[in-house]
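With chain S held as given, fit chain H onto it using these hints.
So the sequences go chain by chain: S and H. Counting in this note's numbering, the first sequence runs from 12 upward without gaps. Counting in this note's numbering, the second sequence runs from 83 upward without gaps.
There may be inaccurate statements among the hints.
[Stated by the list, open to error] Some chain H residues close to chain S (C-beta under 10 angstroms, calculated; not the full set):
{"#": "1", "residue": "Thr123"}
{"#": "2", "residue": "Gly128"}
{"#": "3", "residue": "Phe135"}
{"#": "4", "residue": "Leu136"}
{"#": "5", "residue": "Gln138"}
{"#": "6", "residue": "Gly209"}
{"#": "7", "residue": "His210"}
{"#": "8", "residue": "Ala278"}
[Unchecked claim] Examples of chain H residues lying across from chain S (beta carbon under 8 angstroms, computed):
{"#": "9", "residue": "Arg134"}
{"#": "10", "residue": "Arg205"}
{"#": "11", "residue": "Phe206"}
FYI, nobody ran anything at the bench for these hints, they're computed from the structure. Glycine included, every Cβ here is placed at the ideal spot set by N, Cα and C.
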Amino acid sequence: MRASLRLTVDWVSCDGQGLCAELLPEAITLDEWGYPVVDSRPLSRTLEPMARRAVAACPKLALILEQTRPVG
Amino acid sequence: MTGAKTPLPVDMQTLWFLTRAAGLVSLVLLTLTMALGICSTSRSVGSRRWPRFLNQGLHRNVSLIGLSLLVVHIGTAVADDYVSVRLRDVVLPAGGLYRPVWLGAGAAALDVMLLVTLTSLARFRLGHRSWRMIHYAAYAAWTLAVVHGLGTGSDAKLSWALAVQAGCVGVVVGAVGFRLTDGWRKHTGWRIAGAAGVLALVTVVAMWAEQGPLAPGWSHRSGTPAHASAKASG
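Just chain S, same shape as in the assembly:
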């Protein structure tokens, strides 16, 4: 089975700059204080390039793209 992709936020580092939501509105929206709300479902493979761009754009290096291998 293929590994699935998941975006997570390092909340210690994140200070709500908001570039991630500009680049990946498909999976990230901002709450009323400007902090990201990340879609908790695994990310579609077609979004992977844009997700990598969003990760690279985060000024605080707080957005993380994880590969998770489903158990079993």
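Below, chain H alone, put in the same frame as chain S:
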């Protein structure tokens, strides 16, 4: 032929002209890089029509274009054999044969720029804090580049070139001014210290420029080899 060489005909000075042109244009691009970088830290810059990732992407890409032009600037300066710029002079900030101190300022600027660029490419390994501390060195690199341009630039005294350089300084000072006033009241002490530092630095560089590169006889005082003087001042 003995003594001073006569200046080469224009069509044989291509490399030298390229050096000068690429130097000035890369200063403009690196100035733009500075302004974009300084402004991209601010939350108030983004809008629906000009999202913040645009600032950031331009900052990264314009810096790389500027560095590529710097490769042209340096490559042609080394390749041109009228004034002697050796490979060692590209990175070592002392001991050059042509206006050594001010050529050295350019080498130091390059060293710092390379440090800033390489650490940015390795930002994920480095972590945000260390990366950011090192990234502040860009201010020093840019300032050294301006001083290098005034000190070695054969065109620095031309009125339009002076206007371009003054414009570059104005753009960066303006961006810093915006940065220091944006979100006022937080870190007030740092902001005032920053503003005082910028004013002091601009004053010192302007006074030096007036007494040095813009005053008569700079070509000789800055250490231009005799055979190149005719050309460098022309």
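Hint check:
| no. | hint | verdict |
| --- | --- | --- |
| 1 | Thr123 | holds, 8 angstroms |
| 2 | Gly128 | holds, 7 angstroms |
| 3 | Phe135 | holds, 5 angstroms |
| 4 | Leu136 | holds, 9 angstroms |
| 5 | Gln138 | holds, 6 angstroms |
| 6 | Gly209 | holds, 7 angstroms |
| 7 | His210 | holds, 5 angstroms |
| 8 | Ala278 | violated, 27 angstroms |
| 9 | Arg134 | holds, 5 angstroms |
| 10 | Arg205 | holds, 7 angstroms |
| 11 | Phe206 | holds, 6 angstroms |
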